[in-house]
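Colleague: Below are the chains, spelled out letter by letter.
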Amino acid sequence: MERFVPVEINHMREKELVRVTWDDGHVGEYSREYLRGYCPCAMCQGHGGSVKFIEVEDSELAEISAVGNYAIQFQWKDGHNTGIYTFDYLRALCPCSACKDAEDS
Amino acid sequence: METVTKDVVLEALKKVQDPEIHRDIVSLGMVKNLEVRGGTVAFTVELTTPACPLRERIQEDCKKALGGLNGITGVDISFGAQVRGSKSGAGQTDLLPTVKNVVLVAAGKGGVGKSTVAANLAVALKMHGAATGLLDADIYGPSIPIIMGVKGEPGKVAVDGGFKLQPPLAHGLPVMSIGFFLEPDQAVIWRGPMLGKALHQLMGDVHWGDLDYLVVDMPPGTGDVQITFSQQLKVSGALLVATPQDVALADVVRAKSMFDKVMVPILGIVENMSYFICDGCHKSHEIFSRGGAQRAAERFKIPFLGEIPITSSLREWGDRGVPILVREPDSEISKVFLEVASKLAGQLSVVSEAARRAQSLKIISS
Chain Z
1 MERFVPVEIN HMREKELVRV TWDDGHVGEY SREYLRGYCP CAMCQGHGGS
51 VKFIEVEDSE LAEISAVGNY AIQFQWKDGH NTGIYTFDYL RALCPCSACK
101 DAEDS
Chain U
1 METVTKDVVL EALKKVQDPE IHRDIVSLGM VKNLEVRGGT VAFTVELTTP
51 ACPLRERIQE DCKKALGGLN GITGVDISFG AQVRGSKSGA GQTDLLPTVK
101 NVVLVAAGKG GVGKSTVAAN LAVALKMHGA ATGLLDADIY GPSIPIIMGV
151 KGEPGKVAVD GGFKLQPPLA HGLPVMSIGF FLEPDQAVIW RGPMLGKALH
201 QLMGDVHWGD LDYLVVDMPP GTGDVQITFS QQLKVSGALL VATPQDVALA
251 DVVRAKSMFD KVMVPILGIV ENMSYFICDG CHKSHEIFSR GGAQRAAERF
301 KIPFLGEIPI TSSLREWGDR GVPILVREPD SEISKVFLEV ASKLAGQLSV
351 VSEAARRAQS LKIISS
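Chains Z and U, in that order, give the protein sequences.
Under our numbering, the residue at position 85 of the first sequence is numbered 85, and the numbers go up by one with no gaps.
Under our numbering, the residue at position 11 of the second sequence is numbered 11, and the numbers go up by one with no gaps.
Note that these hints are calculated values from the structure, not bench results.
A couple of the hints might just be wrong.
[Claimed, not checked] With a cut-off of at most 20 Å between alpha-carbon atoms, the simulated EDC-like pairs for lysine to aspartate or glutamate come out as follows: (1) U/Lys362 to Z/Asp88; (2) U/Lys362 to Z/Asp23; (3) U/Lys109 to U/Asp251; (4) U/Lys343 to U/Asp160; (5) U/Lys261 to Z/Asp23; (6) U/Lys362 to Z/Glu63; (7) Z/Lys52 to Z/Glu8; (8) Z/Lys52 to Z/Glu63; (9) U/Lys362 to Z/Glu8; (10) U/Lys362 to Z/Glu29; (11) U/Lys362 to Z/Glu16.
Full structure from sequences and hints, please.
Modeller: Okay, here's the thing in structure tokens:
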């Protein structure tokens, strides 16, 4: 599997988006609800089974930080911060139409 | 007679490649203090590590490259070394800003001799002339205090308005271990949160001073401690230690897969207890078979850094707190350690070039 690394992560507060620019030039824009809903932590997803979207009412984003060489952590306003989004996972989540089409085909 | 200019010399030296980084030594900035006096050319090649295994080759290549130029009557090459940093982990605070390279010595299972390898490689890097420290992160079975022959609680030193732990020196190396804080027969029986706190102290509250290399002796396996290190510390890469049997190699695969997941580069693999050198007849016996680690290295395309034998004196002096390199610097096993250390330093130079070129992650808010 080819692996990509983000070079810039921009929390665009007004648009309520997180824009991720990857080292291959790919750009993806993730809405905050989308990112929050796909939080990979065990508290949100439980143990085992596939990752699913979960509804969260309050998905205001407070802070973004890097975790080691391999992941991103989102700190949400409600205090939730246990989701560690690996670069691979974040890339697989990319909601842009090109990535979604590739996934469906 | 043609006059030789600095530009002509630099142009010629661009044909000389660093054999490990695979880029020319001029654009890597390794050529320093270039002087041309009449027909004599003098310069310093600043190696990326004092443990450079390829010094002679670079010297030969330089002479060859300049040999083709008219008007040169003499070439005087001296060598220096400036260790480059290779830590990655963009957008993160660096807990060890004065340490240029952090190497995790790891294995998928216990009993392969990680601590012996870590201690002797640290001593070997120091003998090559690099400022080196040794951190024992094996909280469940800290054996570095025994192997390095150092004990007692470390002192405190005032740094930037606070206090940090002063690592004691053992055979000239600063050493830190959780073992310094425990009675010899005491066990560490902590759960996750306590463990995390202790590790954070070991990582962040030690006054190492300026180091070229910090060698970290990891606990065996693929658990809490490994994750904490890869998340909280800027690490250059991991060195995997294996014994030759197939069953041990299965654990190498696990360790590799863990470091791949957290994107810590694998610097290489060494085979420990590769063969036994009999102290009576000096014959080599391949007790656990031999060459398994090399096969694994080929299969996973990771650098193979060498085969370390087992000898009675290695064990004996390890138990007495004197690394074999200090006790018998001219023995075959010491030569092997020095060679493996050179190769490891070479791999770190390669990684440093990659780390420098990798764009750093920017996290912004707009």
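Colleague: Each hint needs a verdict: does it hold in this structure or not?
Modeller: Taking the hints in turn, this is what the structure says about them:
no., hint, in the structure
1, U/Lys362 to Z/Asp88, "holds (18 Å)"
2, U/Lys362 to Z/Asp23, "holds (12 Å)"
3, U/Lys109 to U/Asp251, "holds (6 Å)"
4, U/Lys343 to U/Asp160, "violated (36 Å)"
5, U/Lys261 to Z/Asp23, "holds (18 Å)"
6, U/Lys362 to Z/Glu63, "holds (13 Å)"
7, Z/Lys52 to Z/Glu8, "violated (26 Å)"
8, Z/Lys52 to Z/Glu63, "violated (23 Å)"
9, U/Lys362 to Z/Glu8, "holds (5 Å)"
10, U/Lys362 to Z/Glu29, "holds (16 Å)"
11, U/Lys362 to Z/Glu16, "holds (18 Å)"
Violation of the numbered hints given earlier is confined to hints 4, 7 and 8; the remaining hints are satisfied by the structure.
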